[in-house]
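Full structure from sequences and hints, please.
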Amino acid sequence: MRMYDIIMKKRNGFPLTKEEIYYFVDGFTNGTIPDYQASALLMAIYFQHMNYEETLNLTMAMADSGEHLDLSGISGIKADKHSTGGVGDKTTLVLAPMVAAVGVKTAKMSGRGLGHTGGTIDKLESFPGFSTTLSQEQFVKNVNDIGLAVTGQTGNITPADKKIYALRDVTGTVDNISLIASSIMSKKLAAGADVIVLDVKTGNGAFMKNIEDATELAKTLVDIGNGAGKKTYAVISEMNEPLGYAIGNSLEVIEAIDTLKGNGPRDLYNLCIELGSLMVAASDQNISLEQAKQILKKTIEDGSAYRKFKEFIESQGGNPSDVDNCHDLIKVNQVLDIKSFQSGYIAGIQTENIGNAVMMLGGGRQKKGDSIDHSVGVIIKKKVGEQVKEGESLATVYINNTDNLDTALDLIKSSFEFSEDIIKEPELIKGIIS
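So the number in the numbering used here is just where the residue sits in the sequence shown, counting from 1, plus 185.
Just so you know, these hints were derived from the structure itself, not from any lab. These numbers were taken from a predicted model, which means no experiment stands behind them. Take these hints with a grain of salt, some might be off.
What the hints assert, rightly or not - In the DSS-like style, the derived pairs of lysine-lysine whose C-alpha atoms are separated by at most 27 Å in a straight line are:
1) 348 <-> 394
2) 495 <-> 446
3) 567 <-> 516
4) 394 <-> 567
5) 566 <-> 598
6) 524 <-> 567
7) 203 <-> 415
8) 415 <-> 348
9) 567 <-> 615
Unchecked claim - Beta-carbon label-pair distances, calculated as ranges:
10) 555 <-> 610: 31 to 37 Å
11) 202 <-> 447: 52 to 58 Å
12) 255 <-> 351: 23 to 29 Å
13) 509 <-> 234: 47 to 53 Å
14) 518 <-> 255: 43 to 49 Å
We treat Cβ as the ideally placed atom computed from N, Cα and C, and that holds for glycine.
Right, here's the structure in full:
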């Protein structure tokens with residue numbers, strides 16, 4: 186088998202066999218296939234696309250390129266949730282303790298944020314002492330003991346995906362459904378869960394800007410998961426405005442805690458109920474989706490989800506009193522209010538701009554390895570469809586470093602679009618793929 190022949194075959198529009206795909210993935214991972222040949226194949230895939238069988242085989246080859254998390258020591262059904270990324274997306278912080286409180290085991294491997302989207306690991310590291318580098322033994326023990334653990338991605342999980350994504354990033358081959366889906370699902374399959382629920386974002390603050398592309402991606406992800414023997418579901422959700430009101434690591438933690446106490450934003454709460462009900466119902470065939478929703482709502486009402494979150498923070502080295510006193514996590518030099526320059530209704534929010542503004546303030550990374558400031562960020566005060574008066578606050582900005590402050594403030598100000606007419610509130614859930 187020759188890499189040259191595989192490149193030519195795909196360039197000419199023919200599907201690759203399982204053996205050819207594994208040959209490419211194994212060879213590129215171990216260094217026997219050079220970057221220039223891998224780049225050529227990725228570009229051929231970009232233009233000629235992959236069918237379902239090819240996409241599934243590519244996913245499995247990348248998943249098999251490294252270790253699989255061994256969750257056999259965890260009793261019961263293991264569920265996982267993944268988001269394609271957005272601004273203010275702190276669903277894991279609310280969702281995981283909710284489902285754990287009703288007995289669904291959540292063994293989650295999460296990543297750090299890059300660009301305008303935040304990472305769950307970064308948010309959790311807002312708590313002093315919280316560890317996101319658990320050993321396999323501790324990870325399994327925590328899930329068995331309290332039903333929940335979150336760890337960072339290890340270097341031994343899907344090394345092929347890391348190498349291939351780095352190459353896609355510099356060769357203009359990121360934006361391809363098969364390559365995106367195989368990257369996401371290879372990590373999910375290697376993480377070992379029985380049930381996978383995916384939150385596919387669509388809108389100006391998401392990677393998939395329109396509903397058609399988001400739906401195609403969601404269907405591909407679900408098909409791969411089911412083809413690999415996992416119960417897989419996808420929710421397509423709104424990202425034409427931030428999820429909730431808080432953007433920035435510690436600010437999002439506080440908002441998540443408020444939600445666990447029953448005082449959080451409606452969109453965040455509703456999305457967690459939607460995602461969580463799929464996780465619960467898929468884990469227990471005797472529970473319907475509607476029953477699962479009612480069960481999850483009760484975890485907020487009776488405080489069990491909040492108590493589970495405190496237990497989770499303590500189990501990974503944090504101080505549970507920091508949950509009770511979460512506002513003390515914010516340590517900034519300056520807080521500024523951005524006032525509206527006109528009256529009307531919020532017609533739209535350029536969500537990615539707000540995410541980029543938080544990154545400029547130090548709350549995100551422009552490249553891997555950048556340090557972040559957990560305290561800085563933005564709390565928007567108005568969302569799409571809400572009325573605003575001239576001089577009323579549009580956003581509050583939490584600041585430490587002022588190097589890029591003017592640019593960041595201009596980005597936030599220009600993100601809000603106005604209308605004199607009443608604007609309908611956007612629909613949160615665009616679709617569910619099962």
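Taking the hints in turn, this is what the structure says about them:
1. In summary, the hint linking residue 348 to residue 394 is supported, as the alpha carbons are separated by about 26 Å, within the 27 Å threshold.
2. The straight-line distance between the Cα atoms of residue 495 and residue 446 is roughly 12 Å, inside the 27 Å bound, and the hint therefore holds.
3. In summary, the hint linking residue 567 to residue 516 is supported, as the alpha carbons are separated by about 24 Å, within the 27 Å threshold.
4. Between residue 394 and residue 567, the direct Cα distance comes to roughly 22 Å. Compliance with the 27 Å bound is thereby established for this hinted pair.
5. For the proposed pair residue 566 and residue 598, the alpha carbon gap of about 12 Å is at most 27 Å, so the pair holds.
6. Note on residue 524 and residue 567: the hinted pairing holds, with a Cα-Cα distance of about 11 Å set against a maximum of 27 Å.
7. Taken as a hint, the residue 203 and residue 415 pair is honoured in the structure, with Cα atoms around 20 Å apart against an allowance of 27 Å.
8. Distance restraint check for residue 415 and residue 348: the Cα-Cα separation of roughly 25 Å lies within the 27 Å cut-off, and the hinted pair is therefore satisfied.
9. Proximity of residue 567 to residue 615 is assessed by CA-CA distance (about 22 Å); at most 27 Å being required, the pair is judged to hold.
10. Taken as a hint, the range 31 to 37 Å holds for the pair residue 555 and residue 610, whose Cβ atoms sit roughly 35 Å apart.
11. Range check, residue 202 to residue 447: Cβ separation about 54 Å, and the 52 to 58 Å hint holds.
12. For residue 255 and residue 351, the Cβ-Cβ distance of about 27 Å falls inside the hinted range of 23 to 29 Å, so the restraint holds.
13. The beta-carbon spacing between residue 509 and residue 234, approximately 52 Å, falls within the hinted interval of 47 to 53 Å.
14. Remark: the range hint 43 to 49 Å for residue 518 to residue 255 is upheld by a beta-carbon distance near 46 Å.
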